[in-house]
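Asker: Using the sequences plus the hints, can you model the full thing?
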Amino acid sequence: MTIQWVAPEQSYRSYLQLHSLFSMLILGAIGIALYLFEVTPINLVPWWVLVLIWLLLTLFFSVFFASRRFLFTAYARTEEAMHLKHGALFRSIRAVPLNRIQHVEYKQAFLERLFGIARLAIYTAGSGGADLTLPGLAPDVAMRFKEELLTTIANEPTEDVDGNE
Amino acid sequence: MSELAWQRTPLLTMAFFFFRQIKQLVTNLSNLLPAFLGIFVAVKNNIWLLYIFIGGYVVFIIINAILQQRFYWYAIADDAVHVKTGVLNRQHLTLKYERIQQAEIHQTWYFRPFGLTLLNVDSAGSAGKEVMIPGLSLERAHYLRQQMLETQTQAPQTSGAPTTPAEEPGFRQHFSTAEIIRAGIIDNKLFVLLALLLYPAGQFDVFDNYIEPWLDQHLSWFSQDTAWLLVVLIFVVPILVLFILAIVVSLVLFHDLTVTIEGDRFQARSGAFTIRTLSFRYPKLQAVRIRRNLRARLLNRSVLKVSQLQPRQSAGQPSAQQFMLPVVAPALLATLREYLRLPNATDVHWQRLSTLALLKPSLWVAVLTPGALAFAYFALELEQYSFIFAGGLWLVLQVYFTLRWYNYRYTFASTSREQWFAVRRGVIGRSENWYPRHKIQQIDVVQGPWLRMLGFHHLILHTAAGSETIKYLPSEKALELQRDWTHAIASSHRRWM
Numbered sequence: 001m002t003i004q005w006v007a008p009e010q011s012y013r014s015y016l017q018l019h020s021l022f023s024m025l026i027l028g029a030i031g032i033a034l035y036l037f038e039v040t041p042i043n044l045v046p047w048w049v050l051v052l053i054w055l056l057l058t059l060f061f062s063v064f065f066a067s068r069r070f071l072f073t074a075y076a077r078t079e080e081a082m083h084l085k086h087g088a089l090f091r092s093i094r095a096v097p098l099n100r101i102q103h104v105e106y107k108q109a110f111l112e113r114l115f116g117i118a119r120l121a122i123y124t125a126g127s128g129g130a131d132l133t134l135p136g137l138a139p140d141v142a143m144r145f146k147e148e149l150l151t152t153i154a155n156e157p158t159e160d161v162d163g164n165e
Numbered sequence: 001m002s003e004l005a006w007q008r009t010p011l012l013t014m015a016f017f018f019f020r021q022i023k024q025l026v027t028n029l030s031n032l033l034p035a036f037l038g039i040f041v042a043v044k045n046n047i048w049l050l051y052i053f054i055g056g057y058v059v060f061i062i063i064n065a066i067l068q069q070r071f072y073w074y075a076i077a078d079d080a081v082h083v084k085t086g087v088l089n090r091q092h093l094t095l096k097y098e099r100i101q102q103a104e105i106h107q108t109w110y111f112r113p114f115g116l117t118l119l120n121v122d123s124a125g126s127a128g129k130e131v132m133i134p135g136l137s138l139e140r141a142h143y144l145r146q147q148m149l150e151t152q153t154q155a156p157q158t159s160g161a162p163t164t165p166a167e168e169p170g171f172r173q174h175f176s177t178a179e180i181i182r183a184g185i186i187d188n189k190l191f192v193l194l195a196l197l198l199y200p201a202g203q204f205d206v207f208d209n210y211i212e213p214w215l216d217q218h219l220s221w222f223s224q225d226t227a228w229l230l231v232v233l234i235f236v237v238p239i240l241v242l243f244i245l246a247i248v249v250s251l252v253l254f255h256d257l258t259v260t261i262e263g264d265r266f267q268a269r270s271g272a273f274t275i276r277t278l279s280f281r282y283p284k285l286q287a288v289r290i291r292r293n294l295r296a297r298l299l300n301r302s303v304l305k306v307s308q309l310q311p312r313q314s315a316g317q318p319s320a321q322q323f324m325l326p327v328v329a330p331a332l333l334a335t336l337r338e339y340l341r342l343p344n345a346t347d348v349h350w351q352r353l354s355t356l357a358l359l360k361p362s363l364w365v366a367v368l369t370p371g372a373l374a375f376a377y378f379a380l381e382l383e384q385y386s387f388i389f390a391g392g393l394w395l396v397l398q399v400y401f402t403l404r405w406y407n408y409r410y411t412f413a414s415t416s417r418e419q420w421f422a423v424r425r426g427v428i429g430r431s432e433n434w435y436p437r438h439k440i441q442q443i444d445v446v447q448g449p450w451l452r453m454l455g456f457h458h459l460i461l462h463t464a465a466g467s468e469t470i471k472y473l474p475s476e477k478a479l480e481l482q483r484d485w486t487h488a489i490a491s492s493h494r495r496w497m
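Chains as they are written, first to last, in full-length UniProt numbering: chain L, 1 to 165; chain A, 1 to 497.
No wet-lab data here; the hints were simulated from the structure. We put the CB at the ideal spot given by N, CA and C, even for glycine. Watch out, some of these pointers could steer you wrong.
[Unchecked claim] Here are the simulated BS3-like pairs of lysine-lysine, each with C-alpha atoms no more than 30 Å apart in a straight line:
#1 A:K360 / A:K284
#2 A:K477 / L:K85
#3 L:K146 / A:K96
#4 L:K146 / A:K360
#5 A:K471 / A:K305
#6 A:K96 / L:K85
#7 A:K23 / L:K85
[Unchecked claim] Heads up, incomplete: computed chain A residues facing chain L, CB under 7 Å, no partners named:
#8 A374
#9 H438
#10 Q442
#11 D444
#12 V445
#13 Q447
#14 A464
#15 Q482
#16 T486
Answerer: Shown next, in the form of C-alpha cells:
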C-alpha cells in the first residue's frame, strides 16, 4: 500500500516565514536591549557586524529554511492511520493508528487566522505528550477531518475480541 | 439513580489525614528548603521562634486532620464511587467502576490493630485521579474492590472466563528472608540515604564544628602513620551503617513478600507493619522491565517491574503503585517470564547494532581528546603526564562507548500468544525492557543529517508506559517496520488500556 502524501496549504509557507521572522525580531530586540544597557562587549565587535550577522541569519531562516521546512511537511490519511512527516534537517515521520486516538482538537492561533489556516491536534495515550499536530490545514478541511476521525473513534470495535486471548 | 448514601469515615481516620500531611512535608522537603533557610536565619538569634514554628505546625496539622475527617464524605453506588472532600475548596469526585485501573488495599500500620484499611483507587484518563478511601473495614474493602474490578472485567469474562482459569493454575511463591536481604543489597536506597544525610551534614559543618575538636581531644595518640585508620573510620563506617540500614528498610518493606498469580491477575503482598498489596491484570500490562545492577549481577538476581498505564502526571516519578519484585532468582524469573508470556531467555535472538553506530561517539571522543590534552598541559600543568591523562581519558571513554554499543541489543520476539519488542542495554548494570507490540500508541522514524549520510533511521515507539528508541536501523527496514506495525496495530482490536 502506498501512502498518498498531501502538502499543507500554500499560505502555510508564508506563515512559517513570518513566524520565524517574529522569532528573529524578538532576538533582535533582546540584542538591542543588551546593547543599550551596555552588557554586550561592544569594544570587541563593531555593532554593524552584529547587525549584519542578524540580517544574514534572518534571511537564512525566514526565506530559505522556512520554505525548506514547508517542502518537507506533509500529511497522509490512510484507512488505518494518520501520518505526518516534518523537519528539514532532522526529518521525522510519525504514524498514529486511528484506533489509538484519544481525542482530537481543532486549533487556530491569531497568526494562523490571518493566513486562513488551522491546526488539528491528535492525542494518544503515548507518554510525554508526544502527539500529532497537522499544521497548515484549510479550516474546513481541518473541521471535516475532526468529524471523520471522531466518527471513526466512536465506531471502533474494541474489547469484544479481548476475551478469547 | 437512587439517592446516594453519604457516609463519614471512622474517627480514627484522622490519623490518616495527620500522617498524610506529614508525608507531604517530607516529600516536599527539598522544595521547602528556602523556607527552612529563612526560618533558620530568623531562629538563629532567638530560639523561642523555633518552638513557635514547630508548635504552630503541629497545631495546624492536628486541626487540619480533624477538619479533613469531618469534611470527608463518600458514597458507594452500584456503578460508581462518589467522594466529597475539602474544607475550603470543596471537591466532588465521581469515579466510574469501569474506568478504574487499579484498586489496592493497603493495611497501614496505624489502621492494622483496629482491623481497618485504606483503599487506593486509580483511574485511567489524562488527569489520573487517585482516590483514597481511608478507614474501611477489611471485609468491606475487599468487597468493594471485588465489586470495582468485577464491573471492569465483565467484558472479557462473558466470552473467555471459562478457559482462562483452567489453563493456568494458581501460582504462589513466598520469598525467604535471605532473599529479602539480597533485595536490600541490590536496592539503591543506600545512595539515596547517603545523599539525604550528606546534604544537611554539609550545611551545618558537622565535621569542622564537632568531629574535629572531638578528635583533637580524644585521639591525640594518633600518629601520622595511623592517619589512614582515621580516614577509614570516617568514611567506611557510616557507609557500612547506611548499608545495613538499607537492608533493614528492605526487610521492613518486603517482609513476608508473596507473589501470587491467579488467572490473569498478578499480586505481590508484603510488609512488616504496613501491608502493601500491588497487583495488575495481564490485559493491562504495558511494559515489563527487568533490571540488574552490578550488585544484582554479582548475586545473580534481577529486579522485575511491570508498568501499567501511568497517568501523565506521575509519569516522571516511579509510582508507588507499580508492580515490583525486588529480587528474582533465575528459576523464578523463568517461571514469571512464562506467566508474562515472554519468550524464553534462551530463545530470544538479540540483534546488534551496525558497526557504523559506533562511528559518531568514537569521532567525538577523538576530536575532544586533543582538547583534553591541551587542558591538562596548560591549565593543570601536568607536563609530561598530560599525555597519559589525555590518553587514559580517551581509552576509558572509547571502551565505555564500545561496551555500550556492544551491549545494546534489540529484538522483535513473539510467542504464540503475544508479540513483543524489546531493548536491552547497559554497560555495568543491565536492563531489559519488553513491550507488547499491540500496545504501541505512535511510531516515529527519525533521521538527522548524520543518519542520512549513513543511511539509517531511528525507530521511536511510544507506548503508554514510556517511549523506546531502536537506534540505527537500516532506512528501508525502519520504514517497512513502521508501515507493517501500523497496519498490524490498526487491524488489531485487542484492548490496549
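Asker: How about A374 of chain A: closest beta carbon in chain L under 7 Å, or not?
Answerer: This hint is violated: A374 of chain A lies away from chain L, its Cβ roughly 23 Å from the closest one there, beyond 7 Å.
Asker: So, as I understand it, the hint says Q482 of chain A touches chain L; can you test that by seeing if any CB pair is closer than 7 Å?
Answerer: Constraint on Q482 of chain A satisfied, holds at 6 Å.
Asker: Let's test the interface hint: is any C-beta of chain L closer than 7 Å to that of A464 of chain A?
Answerer: With Cβ-Cβ at 4 Å, under 7 Å, it holds.
Asker: Under 7 Å is the threshold here; is the Cβ of D444 of chain A close enough to any Cβ of chain L for the hint to stand?
Answerer: Given a least distance of 5 Å, the restraint on D444 of chain A holds.
Asker: Hint check: K96 of chain A vs K85 of chain L, CA-CA at most 30 Å. Holds or violated?
Answerer: violated (39 Å)
Asker: With a cut-off of 7 Å on the beta carbons, see whether V445 of chain A makes it to chain L.
Answerer: With a closest approach of 5 Å, the V445 of chain A hint holds.
Asker: Under the criterion of a CB-CB separation shorter than 7 Å, is Q442 of chain A in contact with chain L as hinted?
Answerer: Holds: closest Cβ of chain L sits about 5 Å from Q442 of chain A, inside 7 Å.
Asker: Verify the interface restraint on H438 of chain A: the C-beta must sit less than 7 Å from at least one C-beta of chain L.
Answerer: violated (10 Å)
Asker: Below or equal to 30 Å on CA atoms is what counts here, so check K471 of chain A against K305 of chain A.
Answerer: It holds: about 24 Å lies between the C-alpha atoms, which stays within 30 Å.
Asker: Check whether the Cα positions of K477 of chain A and K85 of chain L lie no farther apart than 30 Å.
Answerer: holds (17 Å)
Asker: Taking only the CA atoms, is the gap from K23 of chain A to K85 of chain L under or equal to 30 Å?
Answerer: Roughly 46 Å separates the two Cα atoms, so the pair is violated.
Asker: Taking 30 Å as the top limit, are the C-alpha atoms of K146 of chain L and K360 of chain A close enough?
Answerer: violated (43 Å)
In this structure, the earlier hints numbered 1, 4, 6, 7, 8 and 9 are contradicted, and the remaining ones agree with it.
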